[in-house]
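**Q** The chain contents come next:
Number of protein chains: 2
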Amino acid sequence: MITVSAFNWVPDFAKGLVRDLPVRWALEEAGLSYSAKLIGHPDKDTATYRDWQPFGQVPAFDDGKLRFFESGAIVLYIAEQSPVLLPDDPFQRRRAISWLFAALSTIDPVIRGFHLVEEAPAAREKVSGLLKSRLAALAAVLKNKEYLEDRFTVGDLMMGFVLRSLRDTDLVFGDTVLGPYLARLEARPAFARALSAQLGDFLAEPPV
Amino acid sequence: MITVSAFNWVPDFAKGLVRDLPVRWALEEAGLSYSAKLIGHPDKDTATYRDWQPFGQVPAFDDGKLRFFESGAIVLYIAEQSPVLLPDDPFQRRRAISWLFAALSTIDPVIRGFHLVEEAPAAREKVSGLLKSRLAALAAVLKNKEYLEDRFTVGDLMMGFVLRSLRDTDLVFGDTVLGPYLARLEARPAFARALSAQLGDFLAEPPV
Numbered sequence: 001m002i003t004v005s006a007f008n009w010v011p012d013f014a015k016g017l018v019r020d021l022p023v024r025w026a027l028e029e030a031g032l033s034y035s036a037k038l039i040g041h042p043d044k045d046t047a048t049y050r051d052w053q054p055f056g057q058v059p060a061f062d063d064g065k066l067r068f069f070e071s072g073a074i075v076l077y078i079a080e081q082s083p084v085l086l087p088d089d090p091f092q093r094r095r096a097i098s099w100l101f102a103a104l105s106t107i108d109p110v111i112r113g114f115h116l117v118e119e120a121p122a123a124r125e126k127v128s129g130l131l132k133s134r135l136a137a138l139a140a141v142l143k144n145k146e147y148l149e150d151r152f153t154v155g156d157l158m159m160g161f162v163l164r165s166l167r168d169t170d171l172v173f174g175d176t177v178l179g180p181y182l183a184r185l186e187a188r189p190a191f192a193r194a195l196s197a198q199l200g201d202f203l204a205e206p207p208v
Numbered sequence: 001m002i003t004v005s006a007f008n009w010v011p012d013f014a015k016g017l018v019r020d021l022p023v024r025w026a027l028e029e030a031g032l033s034y035s036a037k038l039i040g041h042p043d044k045d046t047a048t049y050r051d052w053q054p055f056g057q058v059p060a061f062d063d064g065k066l067r068f069f070e071s072g073a074i075v076l077y078i079a080e081q082s083p084v085l086l087p088d089d090p091f092q093r094r095r096a097i098s099w100l101f102a103a104l105s106t107i108d109p110v111i112r113g114f115h116l117v118e119e120a121p122a123a124r125e126k127v128s129g130l131l132k133s134r135l136a137a138l139a140a141v142l143k144n145k146e147y148l149e150d151r152f153t154v155g156d157l158m159m160g161f162v163l164r165s166l167r168d169t170d171l172v173f174g175d176t177v178l179g180p181y182l183a184r185l186e187a188r189p190a191f192a193r194a195l196s197a198q199l200g201d202f203l204a205e206p207p208v
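From first to last, the protein sequence lines are chains A and B. Position 205 (the first sequence) corresponds to 205 in UniProt numbering; numbering is contiguous. Position 80 (the second sequence) corresponds to 80 in UniProt numbering; numbering is contiguous.
Everything labelled a hint here was simulated from the structure, so no lab data went into it. Treat the hints with care, since some could be wrong.
Treat identical chains as interchangeable: a pair holds within one or across any two.
Below, a list of computed lysine-lysine pairs in the DSS-like style, where the Cα atoms sit at most 30 Å apart [claimed, not checked]:
1) Lys65 x Lys37
2) Lys126 x Lys65
3) Lys132 x Lys65
4) Lys126 x Lys15
5) Lys126 x Lys143
6) Lys145 x Lys44
7) Lys132 x Lys145
8) Lys143 x Lys132
9) Lys37 x Lys126
10) Lys15 x Lys132
11) Lys44 x Lys15
12) Lys145 x Lys65
13) Lys65 x Lys44
14) Lys15 x Lys37
Since the structure is predicted, the reported quantities are computational estimates derived from the model, not experimental observations.
Next comes chain A alone, as it looks inside the complex (with noise of 0.2 Å):
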């Protein structure tokens, strides 16, 4: 049985982008089962959490078979289970598994970092010209193509979750071709099934 961890509350703001989401997609995904192991806030940093999390953060997964961490490479471990998210073929398994990282390291870093100096006007001005022009680069690949490659892989469920942290702006459904692909994206059965998974696992107030 697969176990991923997932936190029993957030803020609102947070509901529906924190980090399990995207290991609930990639098992609806590839059709696999598995439990939330809800934690509290104080939870993650007792030593047992941390056994299993170093860092304290969600998720962290348990099969049976394996017990790890970081929702890179839970996803990567479930695509290499599922010829929906990582193709057999070499060349298009690499530029899937190439996508992925993107995802993580490209863009989600330059995210993090516009939201980080939204009240530093000079940070601001700087980190947004580079997001503008990393986000540009992914609109020219995904331009006339569904997908960023031939079909959909296991590159487009992490850019399509790291994207989601742009959606109460207009630089993603602004974007005639971004906006689009995003859609595309949340529209599947899975991320569907993930989010209302992730959502429902929230308690109605902060626990005491």
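With chain A's structure known, arrange chain B on it following the hints.
**A** This is chain B only, laid out in the frame that chain A set:
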């Protein structure tokens, strides 16, 4: 023959930190020879180069069989060909990959945020607290250990590369665990050869 793209010149602050370094290091650890395809900064925006690396970054990789990009994806591919970098045991293998992703997704973006807000006090305080807590978690794992797991893996390689971006602060070399850890990694002959190769490939003056 393996080809890796790299810049023919960068400003002093970036020397030894450009992302072809972990790829060169992984190739040296694996005992694989390669040649660097040096590009100038204007070249990175040509259609030809963007076809190889969609964001105009370095490194991009070509071994005659596969042609792809992203330092994390390239390093993982090299590691899959070398027991020096990736253990055969499934658990140890997955742990090493977890650390590879942790370096790129959990540590590196926070370091980049830290540098980004150098002149924005409120944001600096926030990201500096987060960075210190992440580094403390890393130091807790490394206490009484030489490497993140039982032996050196690709996870240490990428973690070492990422921590180098803090070498001008006291956050790593002022720490009794992280300082010796990074020094241990930088003392590896394969690292020295990789660093020397990157530095040796830079022109003395920016090209006109």
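**Q** Evaluate each hint against the coordinates.
**A** Going down the list of hints, with the structure as the test:
1. Lys65 x Lys37: within (17 Å within a copy, 42 Å between copies)
2. Lys126 x Lys65: neither (45 Å within a copy, 38 Å between copies)
3. Lys132 x Lys65: neither (42 Å within a copy, 33 Å between copies)
4. Lys126 x Lys15: both (28 Å within a copy, 21 Å between copies)
5. Lys126 x Lys143: Within one copy only: 26 Å inside, 38 Å across.
6. Lys145 x Lys44: Answer is between: at 23 Å across copies they meet the 30 Å cutoff, but 41 Å inside does not.
7. Lys132 x Lys145: Answer is within: at 20 Å inside a copy they meet the 30 Å cutoff, but 42 Å across does not.
8. Lys143 x Lys132: within (16 Å within a copy, 41 Å between copies)
9. Lys37 x Lys126: For Lys37 and Lys126, only the inter-copy Cα distance (29 Å) is at most 30 Å; the intra-copy one is 40 Å.
10. Lys15 x Lys132: Close inside one copy (25 Å) and across copies (26 Å); limit 30 Å.
11. Lys44 x Lys15: Within one copy only: 18 Å inside, 38 Å across.
12. Lys145 x Lys65: between (38 Å within a copy, 25 Å between copies)
13. Lys65 x Lys44: within (23 Å within a copy, 44 Å between copies)
14. Lys15 x Lys37: within (17 Å within a copy, 44 Å between copies)
Checked against the numbered hints given earlier, the structure breaks hints 2, 3 and satisfies all the rest.
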